[in-house]
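Protein chains in written order, with my numbering: chain R, 6 to 648; chain F, 2 to 1068.
Errors might be hidden in some of the hints.
[Said to hold, decoys possible] 20 angstroms max Cα-Cα, derived DMTMM-like pairs, lysine to aspartate or glutamate:
id, chain 1, residue 1, chain 2, residue 2
1, R, K361, R, D392
2, F, K514, R, D392
3, R, K302, F, D682
4, R, K156, R, D312
5, R, K162, F, E795
[Unchecked claim] Examples of chain R residues toward chain F, derived with CB under 8 angstroms:
id, residue
6, M39
7, K53
8, L166
9, Y200
Honestly, the hints are just simulated from the structure, not real lab data.
As the structure is a computational prediction, the values presented were derived from the model and not from experiment.
All C-beta atoms in this analysis are idealised placements derived from N, C-alpha and C, irrespective of residue type, glycine included.
The primary structure of each chain is shown beneath.
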Amino acid sequence: MKKIFKYTLAIVLGLSLCSCDKLFDSLEGDLTRMSEADMTSSQAGMEKLLSDVYNAIPMDAFNTKDQSTTLATYSKGADYNVNVTGFWNYTQMRSINYFIQLVDVALEKNAINQATRDAMLGEAIFARAYCYFAMVRRYGGVPIVTEPLDKYYDGDKNEGLYVPRSTEKETWDFVISELDKAISLLPESRNDGKYRATKWAALGLQSRVALYAASVSKYWDKEAIPANYKSVQQKLTYMEASYADAYYAKCIEACEAIMNSGKFSLYGGATTSVETARENLTNLFLERQDCEFIFGKSYKNGQTDADNSFDITFSPNQAHETATNKAWGNYSVTSDLVDLYDDYDAAGARKDGTVKTRKDGKEDEYFAQIITAASSFDKDADFIRYDNLADPFKDKDARFQAWVLYPGAAFRGIDIMAQGGIWVNGQDPVFYENNSYTVGDTKYYGLGAASEDNISAFIRIGSSATSNHAYFWSTCFGIRKFLDPNKALVYSSNPWCDIRYAEILLNYAEAVAESGKGDAAKAKDALNAIRHRAAFTDDVALTLDNVLHERQVEFAFEGHESYTLYRRRAYLNNRSGVVYRKHTLLPVLDLRDGTPKYIFPRVNVYHGDVQFSSTGLNTDQLDYYGSINDFNKNGLTPNPSQE
Amino acid sequence: MFKKLRRVAGILVIFCTLGAGLNASAQTRTISGKVLDTGGQPVIGAAVLEPGTSNGATTDLDGNFSLRVAPGTSLEVSCIGYTTVRVKAEDGMTVTLEEDSEMLEETIVVGYGTQRKASLTSAISNIRNEELTATKQNDVLAALQGKVPGLLIRQRTGDAGDFNTDLKLRGYDEPLVIVDGLVRTAPRRSQENNTSYSNSSSAVLAQLNPEDIESISVLKDASAAIYGMGAENGVILVTTKQGAVGAPTVKYSNRFSFGVPTSLPDEVDILTWFKEANDMRANVGKEPMYSQEIINHYLNGDEGWTDNRWYSQFYKKFAFQQNHQLSVNGGNNQTQYYLSGSYNDDRGILNGPDLGYRSFSFQGNVTTNVTKDLKVVFQSSMTWNDRTSTPQNAAQNFYTRGLYSERYIPWNVPGNPTHWAYNPGNESRNAIGALNGANGYDKTQQSSFTNSLTATYTAPFLKGLKFQAQASYDFQTRQSRQLTLAFPLYDWQTDELLSYNKDSNALTERWDKRQTLYGKLQANYSASFGLHSVGAMLAAEATMGWASEIRGDREYGEFFTHDILNQAIESTAENRGTRSSTAKAGYIARVNYEYDGKYMAEVMARYDGSNFYAPGYRWAFFPSYSVAWRVSEEKFFKNLLPFVTNLKLRWSDGISGSNQGSAYGYLLGYTQTGNNYMFNDNAPVMGYNSTQVAQTLVSWTRTYMRDFGFDWEINKGLIGGSIDWFWRTQTGKQAQPSATVPDMYGINLPYLNLDATQNVGIDLELSHRMRFKDFSYRVTATATFTRERDTYQEAERSAIYTSAQNYFEKHTEGRWDNALEGKYYEWNGLGQFVSWSDIFDYPVLYSTSSKNSNMTAMLPGMYKIEDRNGDGVITAEDRYYSWKEGNPPLQFGLMIFLEWKDFDLSATFNGAALSHKNMQLSGGMGYGHSKTLFVNHLDHYRLAEGYDDPRDPQSVWVPGYWPALAPATGAEDATSNATYRYTQPYSWVDNSFFRLKSLEIGYNIPKSLLGKVHVKSARVHFSATNLLTFCNPIVKVWDPETYQSSRRGASGAPLLKTYVFGLSISF
């Protein structure tokens, strides 16, 4: 009996046991996903992962953020708040951390060679540093995760997952030292991708990061956060002026490395022709200009030609690709920025560019929301009466002409119509209404044209306000930078130049001006090189004011301004009362003497009143640090505004 | 090794032959005899065997047999349905077989073996072919309906070849279907999306030829666990017919069936429709829908103005179906065979010339005794089927668009029938044109081959020991081709081309293939030692499966050429393809013990592996046991209650495993992110990343099945029955832990085996049978009540409920509510509004804004909605949880078999209760968008004579069942802003029903007439299905059994009432 069972067991088990776990291994495996081994066994596979690493980089491509400053506004209402976009994405950080592990796996398999491995590792470290930079400037010190944490999940206490915040200084230092690693790993030039990071990209980013850290240190006390907050005590949101010098020195070092390399120059170079300058400054953003392009992103997609929608977003109502796309085009530029652009004098030297609207020179007088003449408008003010809409702007900086649309500007075969009112003799002026008046034999319109299709600004703001007013500018200015000069597009294909040589020059000028370190003469040259490209013939002194002024006019709509205010702790210093206002010129057709003339009263932007005390706007310096996501769940010290 | 076996086999064959020869030449002689039943009728096909030898014979039509045997030898005479007897051989003998009324001695198929019914310790129901085919049905599923307690079957639609019948055992998901020892699935078209298929076991049953089936066993409790993965929902074991020793028997049967919809609502005549539609518009303060000019055409009887009943036009007068089956069965002692073929053609009820389903199937089972000890069975089957239906878009929009068509416009231009008419109501979708093929087609051809080879070796050295090896290979392919066509639509009056229907010309072709390879080694042992009987089984099995699919799509633009891909526009080509493989393996052991037929116990275990999980989590152990006590065999019981011939208590408890999640989830995998990054201009590189953490910690889901039951029988089957209480708990369903992890982890938590659900219920069976001379009858009633709940939901650990409604929807734990899909939240009604002033005076608001909102939310005849939370406004918070639509939790059946002389009658009833059907007013029912109103909706609130303005508060309303006509929920009538969105008590109608599922009357032509024409037996039958239905008249309009409550744009043909004539003859 026993024997029988033994035999049976032996036969049944013996015949089958041998094969069973092997059975599972004999299958084709997971055909829906690629394994780690698949990804690391070829350079092409590693590049697929690298593509994801690059996509993790939080470049604010075509995201001007200037509406968060005084320089621009949306029609629906203006933002003026401490609004630096947060980045809190440890999911992508995990992808990068995996990739950093995998480059060595691929190298071991000889799937990539040592040079490729170094370059890829450098790129991943660069991307990760960029991510941490985006975090530290928003949150102060953050948890620094440099490896995938999957292995620490144990289903119990998961202690390894609770990485604490590093101090703010440690985090800044981490980003800078990581960039040092990237600088040493990345190649100086590469023929395997124009949009892949080089040593110069890492240096460029390092100059930006170091300048940022230096500014935060130096101006820490300016709009300081009281010391009683936990995160300040733990130095998680804490810097001090004594740190600044080292960071300025690092910035100067990085800038000099780029400047001395001889590889980069300003596109177009110095010129005395405003016409040439305007052309150069337009072309700078239409195509990649290698001499100035240090790092950025391509939108030229091989299949669809383009996949970027800023043309639809920024094109004025008069110049959209189709009627349906007219629902965009409401991004407006304020006169506060326009006034910053200098005029040329007869010799091509700098002249104050504040637009002249009145003979009495009271250019700081603004009228409140003028819907009807009954309000604050001063009918007796002595306005300069211009013959043409474009006349007040004719001497302005080539950069203004190339990058800002203004009333009367010629663009894509049309003249920009941005007229806000009409003043007929014997009557009160009428604003924001498209009524028609016949004077002599000519019919005139309150907003400049009979059809809304031929108007770019001010529609339906007043008594007939509807949601459609959002299709039009609420100022008389719009963005021209990045837009194709000839035709409207659905998708733009311009590259986004994230780090350009002009920034390096101005970073250098700022660092030298701020710290006194570095070569002052070289810094002055750097500052003026920017101006010479814009056809200014004179030189200005290396002062902080001059540097910051150049930054504002050079980098308009490139997203720098809000960061500059932020890092210099200058966001709040314009706060002089409970209400802050953005401004525009309101071109008014003046028919009082029968011949059409234009006056340009300065008014508050209709939707531009920003009350600091109202909800939804950040009100104090605590908001220089953003809210830590789920700080309780994450076991992290909250930031001051959360306490 | 093999050579040696062959030599041994050869020697054995020689010995056997010699032995037979010796026998023949000794003192044997030919003995003739007759086998009769207790009524004196000859028993046909009874086996007469000399035990221990292969010497035997079967009885002929008159019950006669002859056999060469030594007189005095003990002979065993057996026949299914009769008690086996042993008699001494004697020439001219008459053997009387007693009918095996108890059926307890019957051997039934259980997992990996057979058992005597009396020895069963588990809840296993058995259906034999006679019962199954007593009522001729189109498929096995329909034939099973109402016959097995616990088996819940509900037919969804009447579409030809759709196989959309729900099969649930005790309320669980679909049970596993095992045909001749092998797991089978077949593709089933999904009801919701016409082009996707899932592998379903119910489709296997639907496609089997009922005539080929020998028996079906349903394993409902832990006894199913022996089949491992997939068995947690129970197992249906199908055994096909094997050949029998004897001269070839040829059997032919056919069936011709004529079907009409069980119920179809009548459309009102067109003038009534005009009036009702205009009244509806008036009720909401809108202009009339139809001008007096159009109405006058009909009042004047103008030529060309016809009443075009689109809805009625969808269906043929009747659906015709035919079925033919032919089988040959026979063999000698060495080899037996069963061969069959069948042809089925079902043209369906939809009124299109090319629509329908046809299939061929062949089955061949051959058994041969290679040696005395080695038996080999080869089984092979092939099926091929072909289904043509309208393309997906047409099917999905079929009813809606059809019903939205203006009835004064014909479907085609009068006098030019190939020109389909433009109709503004149907959004350029002419449903009748689509039915006639103008919109293209959807054709699917499937073929499947299954082959298995089983070798059984009976160990000569130990009685009761058998070894078995089985291997099978299944191959299935499906090819489908879907063509959609744009077709021109013409003005019905001028025959001018107006527009095209909304589809563009496009072709999709897909091919897929599935292969399954299975192998098993098994050893069985059984023996009796005095009063002790023992059985043991050991087995190891492995299954591998491969599936692949390719698909191509192209468009034609405006110019349609041929329906092959190459003839369409190349630049529009899209293609896709997938491939996958799976494997599972298991070791199985089972031991039975029985003492004196009184006490029985069984212990069983499986050790299962699956490729889904990480090494280390792949293998799991699933034990189960069952015990039974036949109280009726106890002496004291026999003395006490001698008339109770059977009383058995059973208890079973066991675990089964099932897969969850996806294969290889334990590996970190990388997939396309969908985002490019361009290293160079015009050179996008697709990103890859890993978005899911490796699921290294999950393993099998465990299903605990418990069953307590007792079987009883009085007076050898006069009355009998069984009751089973069952509990099933599934634990370890995969869920994401609610534990918090910090963001720095950067990924979602891995799944763990966390969630649990529970089913409980009761199965009942009651039977009775009697015989008076040549009249006998049998009645069996079955009922099942089952419910389900979540007993643990990890998500609830971290849930934050935002409102009472949210709580109802998200909190399921511990609530007997998510049973069988029927979960609804509805407002409560407090009596109907009888007039406008009644609505205006109702103090509760239907929206916070104003009293006027009541006017756009309600109409006379709608219900006052209870403001449950008393805040004065009706919101979602005022709803109650209720258990409404879905699979009914209580289902029952009744079978009646009558036999009188050569006549027989069988009837099967089935029914369900405790569920409701949603009869909510909808656009598809004439409220709002639709251009048709059904007669049953005429019973609605309407203005009494003499008042013109329905919105005048003074108007008097005459009550009806339905509210005043109004554009209902979702009505796409842009001119009406009325909401009318509150589901109302009249929407939910009790859906209990009881129906005569099938009725069959058969007549066996007497043998005295047949003998002369060499026909062994012949039977004619008339049968009908869905002949009678008892239910609420409101749901009856749409048939209570289908899911469609109100045909709100859903596809699916109505269930059919069929009349069948058929004949079967065997030679």
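These are the hints, each one checked on the structure:
1. Taken as a hint, the K361/R and D392/R pair is honoured in the structure, with Cα atoms around 14 angstroms apart against an allowance of 20 angstroms.
2. For the hint pairing K514/F with D392/R, the CA-to-CA distance comes to about 80 angstroms; that exceeds 20 angstroms, so the pair is violated.
3. With a CA separation close to 9 angstroms, the supplied pair K302/R and D682/F stays within the 20 angstroms bound.
4. At roughly 38 angstroms between alpha-carbon atoms, K156/R and D312/R are farther apart than 20 angstroms, so this suggested pair is violated.
5. For the hint linking K162/R to E795/F, the alpha-carbon distance of about 18 angstroms falls within 20 angstroms, and the restraint holds.
6. Taken as an interface hint, M39/R checks out: its beta carbon lies about 4 angstroms from the nearest beta carbon of chain F, inside 8 angstroms.
7. At a threshold of 8 angstroms, the smallest CB-CB gap from K53/R to chain F is about 4 angstroms, leaving the interface hint in force.
8. Against a cut-off of 8 angstroms between C-beta atoms, the interface hint on L166/R holds, since the closest Cβ of chain F lies about 5 angstroms away.
9. Look at Y200/R: its Cβ gets to within about 6 angstroms of chain F, closer than 8 angstroms, so that hint holds up.
When each numbered hint is compared with the structure, violations occur for hints 2, 4.
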